[in-house]
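Peer 1: Letter by letter, the sequence shown follows residues 375 to 680 of the numbering used here.
Derived by calculation from the structure, the hints in this document are not laboratory data.
Certain hints may be false.
[Unchecked claim] Pairwise CB distance ranges, derived in the manner of DEER restraints:
1) Asp402 x Gly555: 37 to 45 angstroms
2) Asp452 x Gly555: 23 to 31 angstroms
3) Arg672 x Thr551: 19 to 27 angstroms
4) Pro516 x Gln641: 32 to 40 angstroms
5) Gly468 x Arg580: 36 to 44 angstroms
6) Ala431 x Ser494: 19 to 27 angstroms
7) Pro532 x Asp402: 23 to 31 angstroms
8) Ala385 x Ala676: 26 to 34 angstroms
9) Arg553 x Asp533: 27 to 35 angstroms
Backbone N, C-alpha and C fix where the C-beta goes; we use that ideal spot for every residue, glycine too.
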Amino acid sequence: MVEEIPYMPLARARVNEGIELAYDAFGDPAAPPMLLIMGLGQQMIGWEEPFCQALAARGFWVVRFDNRDVGLSTHLDDMGIPNVLEMMQRKARGEPVEAPYTLRDMADDTAGLMDALGISKAHVVGVSMGGFIAQEMAIRHPHRLLTLTSIMSSTGAPDLPPSKPEAAALLVTPFPTDREGYIEHEVRSWRVLSGPGFPFDEARARQQAARAFDRGLSLGGTVRQLAAILASESRRERLRSVRVPTLVIHGDADPLVPVEGGMDTAQAIPGARLMIIAGMGHDIPPALAPRIIDAIARHAEAAHAG
């Protein structure tokens, strides 16, 4: 008989000035905490329930949350919608880029959530933009991390290979605001992002898109998050000071954040371990989830054993 995993229902916490984050949690609150940080424009449900439950079953209190400007967390519509094409052009010319808020602000949100939940230290896992935020946490709040796991992410260094054109186009294509149109857009997008090594699960993509739409979309929020990424400088040099035990996971077929971004992250952080997965794109397909869950759990368990 499979043991039922305790679940803490959705709640909200004030984490930063004017910012509340929506979160829920899986497992025993007395267990070592593990925070899961989602990527650009994605809601916390991108960390699917079976994934969270499996990590909790390995002995962790797993907390997932909506970043600012998405899902059920605070939307910052009063900050306006940045012109990301202009920002991309300025960045390409090496000119400074300003955004309504930064990845550092989002890292401080995450630290604020830890404060609100009474968590002094946690295992921090970030995917894509969530990896950028997790890296900023390791730089800005190193004493708050037990371990860092950076998945399909990058240092943001300008000399790294760019996204494949078909993946880059997704960043500047506004998503439809009607339910059916949004779902079809998301299915097309995840088909582009998925790697060739694992079958694309259209039904899963469709279901996830429907759930996201029904929870609440923020077109402006996604654009502002993208602006935060564009306004961020390279983390490569700052990551050299990180002493948090680090695992870097990346697919060798990632069209959005090429594998060199993961390699650069692992090279920048002293002692980091790099796990490259053949055929994996910019997604964690169900067939691959057990392997990634095991890698994350083993990495965290090793830190406690040490």
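Peer 1: Assuming the hint says 19 to 27 angstroms, is it satisfied by the Cβ distance from alanine 431 to serine 494 or not?
Peer 2: The hint (19 to 27 angstroms, Cβ to Cβ) holds, given that alanine 431 and serine 494 are roughly 24 angstroms apart.
Peer 1: Return holds or violated for the Cβ distance of aspartate 402 and glycine 555 against the range 37 to 45 angstroms.
Peer 2: 42 angstroms, holds
Peer 1: Lying within 23 to 31 angstroms: is that true of the beta-carbon distance aspartate 452 to glycine 555?
Peer 2: 26 angstroms, holds
Peer 1: A range of 19 to 27 angstroms was offered for this pair. Does it hold for the Cβ distance of arginine 672 and threonine 551?
Peer 2: With a Cβ separation near 42 angstroms, arginine 672 and threonine 551 fall outside 19 to 27 angstroms, so the hint is violated.
Peer 1: Is 27 to 35 angstroms right for how far apart the beta carbons of arginine 553 and aspartate 533 are?
Peer 2: 41 angstroms, violated
Peer 1: Honestly, do alanine 385 and alanine 676 meet the 26 to 34 angstroms range at C-beta?
Peer 2: With Cβ atoms ~31 angstroms apart, the hint holds.
Peer 1: Quick check: does the Cβ-Cβ distance between proline 532 and aspartate 402 fall within 23 to 31 angstroms?
Peer 2: Check failed, 43 angstroms falls outside 23 to 31 angstroms.
Peer 1: Does the Cβ-Cβ separation between proline 516 and glutamine 641 fall within 32 to 40 angstroms?
Peer 2: With a Cβ separation near 19 angstroms, proline 516 and glutamine 641 fall outside 32 to 40 angstroms, so the hint is violated.
Peer 1: CB of glycine 468 to CB of arginine 580, is that within 36 to 44 angstroms?
Peer 2: The hint (36 to 44 angstroms, Cβ to Cβ) holds, given that glycine 468 and arginine 580 are roughly 41 angstroms apart.
Going through the hint list in order, the structure does not satisfy hints 3, 4, 7 and 9.
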